[in-house]
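Trainee: Chain by chain, the residues:
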Amino acid sequence: MAPRTPGADLPEHPTWLWHSPDPKSSYDVVIVGGGGHGLATAYYLAVNHGITNMAVLEKGWLAGGNMARNTAIIRSNYLWDESAGLYEHALKLWEGLEEELDYPLLFSQRGVLNLAHSLQEKRDSVRRVEANRLNGVDAEWLDPQQVAEICPILNTSEDLRYPVLGATWQPRAGIAKHDHVAWGFARALDRMGVDLVQGCEVTGFERVGDRVVGVETTRGPIRAGKVAMAAAGRTSVLTDTLGLRLPIQSHPLQALVSELLEPVHPTVVMSNSVHVYVSQAHKGELVLGAGIDSYNSYSQRGAFHTIEREMAAAVELFPMFARAHVLRTWGGVVDVTPDASAIMGMTPFENLYVNCGWGTGGFKATPGVGWCFAHTVAHDEPHPLNAPFSLERFTTGALVDEHGAAGVAH
Amino acid sequence: MLLIHCPWCGARDEAEFRYGGQAHVDRPPDPNAVDDREWGEYLFVRDNPRGRFSERWVHSAGCRRWFDVVRDTATNEMSAEVPSRSGRR
Amino acid sequence: MSNEFRLADGGRIDRDRPVRFDFEGQQLQGYAGDTLASALLANGVHRVATSNKYGRPRGIMAAGAEEPNALVQVEAPFPEPMLPATTVEVRDGLQASGLPGKGRLATEEDPARYDTMHTHCDVLVVGAGPAGLAAALSAARSGARVIVADADTEFGGSLLGSGQTLDGRAATDWVRRTTAELAEHPEVRLLPRTTVFGYYEDNYLVALEHRGDDASSRQRIWRMRAREVVLATGAHERPLVFSGNDRPGIMLAGSARTYVNRYAVLPGRRAVVFTTNDSAYAAAIDLHDAGVEIVAVVDAREVVSTYWASLCVERGIRIHASTGVVSTSGTDRITSAHLSSLGPEGNHPTSVRQVVTCDLLLVSGGWNPAVHLHSQARGSVRFAEDIGAFVPDGTDQAARSAGAVTGVLATGKCLTSGAEAGRDAARAAGFDAELARVPDSKHAPILAARHLWVVPGSGDSDGTTQFVDLARDATVADVRRAVAAGMDNVEHVKRYTTIGTAHDQGKTSGTLSTGVIAEVLGVGVGELGTTTFRAPYTPVTFAALAGRERGDLYDPVRVTAMHDWHVEQGALFENVGQWKRPWYYPHSGEDMETAVLRECYAVRSGVGMQDVSTLGKIDVQGPDAAEFLDLVYTNKMSTLKVGRIRYGLMCTADGMVFDDGTVTRTAEHRYLISTTSGGAANVLAHLEDWLQTEWTHLRVHLTSVTEHWATIALVGPESRQVLADVAPELDVDNDGFGFMTWQEGNVAGVHARVCRISFSGELAFEINVPWWYGREVWEVLMAGGRPYGITPYGTETMHVLRAEKGFPIVGQDTDGTITPHDLGMSWAVSKKKDDFLGKRSFSRPDTARTDRKHLVGLLPEDTNLVLPEGAQIVEQPELGEPPVPMLGHVTSSYRSAVLGSGFALAVVKGGRDRVGETLYSPVGDRPVPVTVTEPVFYDKEGARRDG
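Chains as they are written, first to last, in the numbering used here: chain A, 1 to 410; chain B, 411 to 499; chain C, 500 to 1446.
Check before you lean on any hint, since a few could be wrong.
Sample of chain A residues facing chain B (criterion: CB under 10 Å; computed from the structure) [claimed, not checked]:
{"id": "1", "residue": "T52"}
{"id": "2", "residue": "V237"}
{"id": "3", "residue": "P247"}
{"id": "4", "residue": "D335"}
{"id": "5", "residue": "S390"}
{"id": "6", "residue": "R393"}
The calculated lysine to aspartate or glutamate pairs, modelled on EDC-like cross-linking and capped at a C-alpha distance of 16 Å, are [unchecked claim]:
{"id": "7", "chain 1": "C", "residue 1": "K1338", "chain 2": "B", "residue 2": "E487"}
{"id": "8", "chain 1": "A", "residue 1": "K59", "chain 2": "A", "residue 2": "E216"}
{"id": "9", "chain 1": "C", "residue 1": "K941", "chain 2": "C", "residue 2": "D959"}
{"id": "10", "chain 1": "C", "residue 1": "K1408", "chain 2": "A", "residue 2": "D81"}
It should be emphasised that the hints constitute simulated quantities derived from the structure, not laboratory data.
Source: prediction; values computed, not measured.
All C-beta atoms, glycine included, are put in the ideal place defined by N, C-alpha and C.
This is chain A alone, in the form it adopts within the complex (with noise of 0.2 Å):
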């Protein structure tokens, strides 16, 4: 699909979303969680398996936790074999989904650059490429001259701090809408007959000795023959009560945006060292993160010198963004997991599966986790593909480290 330039016209939303009916009393599986990956398992879980007896609970609104906050960047450049497959069916599955949801994801391929800015992250980084392009994912290790041909705006000249070294691009990677993915997936499941149950908060879980049989909600039981967790930022709180305890942390991650601007921005760039993320989104503003905040906390806030810090690296690579002004910032709550890899898969509860620990990597994973996920809870195993993301990881200690050779960790 060839590329939108930001700022070209926006489609408009349809007309009919969804209902929002109150929970019945029973279903075949229910989703905890109407987030992007609960909404997308319950699409494929119908789709691919042909389950439609399912509600998505959703404590809040629809897709109102991390998905309403990201900065919905897409890419599958991860380093080891493991997080490529899964991160890279989700890119070819995004591929394909505005046709698929008959629905304007704004999915535009831009391209990601990922910066270098130390002789070890260029190691580092052609490391990557070179594995990525054995695993089928599209890389290219690029000098700073072709890092400033693809983004004229970036400062690629050596009296940087830490100068821009080179960068790894990965042409097919790029941004989307979340709130359109969110909605795109939940109009076809209303479609489809799914219950998708906003303001219902899931408390606990029912369970006949090790097997789980249903949810205990703010709105009464609720009997499933599955459940399925996808509630990032509320997991442990949910699996204590369980006495289940995940290797999971939760965070702050911030974001922030900018005014509308005129198109100056044409790509995705990322840097770890002076770190920042910069894309502009379609209609014309620049969407930037940054790292975690250091400490644990469910407050949906971060501090504010998160903030400063990024701005001084926003402008230390763009010069041209000391002008712009930061018209919002927010926070969303990130499960930040030991290897920086995320747990999806079986528990020790029978009927009970986990998917949890994306960090900063949850929304581009979407698709592929609810492809994935669904897989995992029609039968009862893991995909293949998300069979080296189980908790048994942190027993035989075969991590899937995304920390340090990754290049970026989001």
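Once you've looked at the hints, dock chains B and C against the given chain A.
Mentor: Here is chains B and C on its own, set in the frame of chain A:
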């Protein structure tokens, strides 16, 4: 920018500190005596409550000393700073 | 046309200082004290911009930061995109143009400087209107340290534009006197032109001060920690939603009053006033008295205030009760308002009863308290039925709201609540504060307002020209469409329609849109609530937030004592963490490869010298130092004898290599350990963590001494001779100064600690001298080494030399997933110790596998080839379809002067069992054959280390 009370230096901006996660996680006295699952839990699994949380901070840009606080992870309100006793990760 | 709408006198502009500016090519004149908006209005310019989506003409609606319409691009003197004309101060040479909701970034670099200030105070007063000033007075008189910040160019808030009296004199007199008194207090800081835009935990607030384009810093961020906060942030007037409510010439009533009183500008000649509450009457009266013909006051209420009605009657102003403006006419400016009678609640659209020609339509739908900061700080809000808006309702912060932000609109009440809040805040901060006396103000009785969210239209039943958010061109039709699509949540509707997401973040449209949505859904406004308020309150430039942390100040630069020498010699530098390290020293005409081959050859055949001062150094002292080091290193350090040195490897608790270096035992209870240059701070933090929080019984102290010692590596077969020449007292013989031992003595006349350690396999000495003497000793050694052809070398040569010997670099040949065993360094992992960090993890199933990735050597079959670092390793020469299974990757790769070929280190699955095998590495798209070898390429016997 949280205001964190270092038990030795007093109230300082969060930027002077580093976070250390959950407090009072005791290292098994004999690591060789625990099985792989328990060891994996010790290495990687930490509490992650929404609400009161005993956690560790170090005044890295100050006295470089570790201490524990209780913070509400829903509101970030802090209370009860004490020097670290034992138990880290 | 030159200021034809300017009143002959009055206002707070400086008529002695006319300024000329350019708006869209028109040369216009204003006065110092004007905003761009007031100056434009003075010249009769109403239409400023076109709307974002539909390209409709748009004018000036407000007089402050809440302006949804009149956006301009400033072209000169200081280009800046998208500013409301209502907040731009006019000055000579100002050049601006209207914007269709989208700005343009100037291509030239921003030459200005931006600063950051840090401050603490007892009481921070946000807003210097009547409530804020009264609060500041109460607090300041108690001796508390008070900061008063206000976004406007001068203090006074609404008093500047309302033309009212206090104590029988102009309210601005009271403002002047109060401000003057505050300025006299030594503990009070007044910050005009300063917008407090963020409110975070523990009363941490951030503000932006506009200091002017000519100031030493153009803007600065204030980072403020306040004991107590008084929020006197005022209220924004709410527009009304009717068909064609967006035309130029439609203005908020209170803003029009400000233009007349503060700027001495008539925003029109013939006005209609449309209101749902009493406040707009004051505007009608003020405008009338200034010479504007008020053709009609249109009041949606059945019963109007007798107080205001009598004032209108005195002036011959006609009031239409139970009436609304239902639509308007005009192209670039309103030309008429169409009135229709409104029934009581639940009214139906009726036909237009009267068309009134006008060039100005003032609207007031009530007032929205500016609860932004209160809400940012997680204070709750509640819907106040009396004013039809959200007001503060409790906070966990040490803060209180005062004045109009609480929903109190009468000036007298604002003053009183301010004075009380200031007193309470000072008391809470520990001061003996009294209530400041507040001046008397005229009090008009207030009649209840009518909440009118959408004025029923006659000709626009679908609502496509009833604008809810003018900045986003979002209409009642859009809201209806969103609700019809199934949305019943404010957040969803906001996202569907984009209401509230523009530059003004919905200051005028926020509550209004909630009201409209509630009406469409048929629920109460209070039930729906607001969307979340987030920082910043008004837009802040990226540059201001970046502050000084740009260019060289983006991150501190650390240099060694010999740095200037390296610069003088033309070294190129590598960033290693914050350090600048010499990378290589090219002679003229040399490329990197030639230079590095020369440097390598010089070291292996003669003598070379490297500045290794950046290596981390930690002094470990205490009776339990040996026991502690046994726990944190994989190898045993307690058995190390005083005077000797041992290589040490550290792992994290999960068994992965974390850092490495040497351990020197300098005394029974004292060690000096070295770390990698980039890892020093992390290693110290890691050790302190374990020491203070796990092994608290150990009596050990750690001190970073990295910058106490300048360190010089003197390396190569001739190094002994060079050292002997400059340190005649030192016994440098192999017998007297054995490998992995250290001595103290004079080197070049400076007391030094000399260690015999080697990272290249060659005879080598590491000379440590106090930092201050680093360059001096370096230069003496250079001079002493000249007869031997001594060659300075950088990190690249160091990397090649160590790789020839198979010494891994942590962070390059490891990546956090590599154990000591993977590196083939089991010899450095003690089998005798019961416990050390990492030990238990080695026996986990995945970590104990024998086919993990091992560090090996690779020799490309093409000896001329240097494999790219990062290249992958595969089993077969044909790649086939992806995913292609990978065995590992090249971690280090160089051309070797002594081998005469390219060589590499790599981590390869089961690599140690593959020595001798041919594997392949895709270089470009071509897999090239490589032979797996032991990782040691040169002097396997270690014969060179003793010279």
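Trainee: Could you tell me which of the numbered hints above are not met by this structure, giving the numbers in increasing order?
Mentor: 1, 5, 7 and 9
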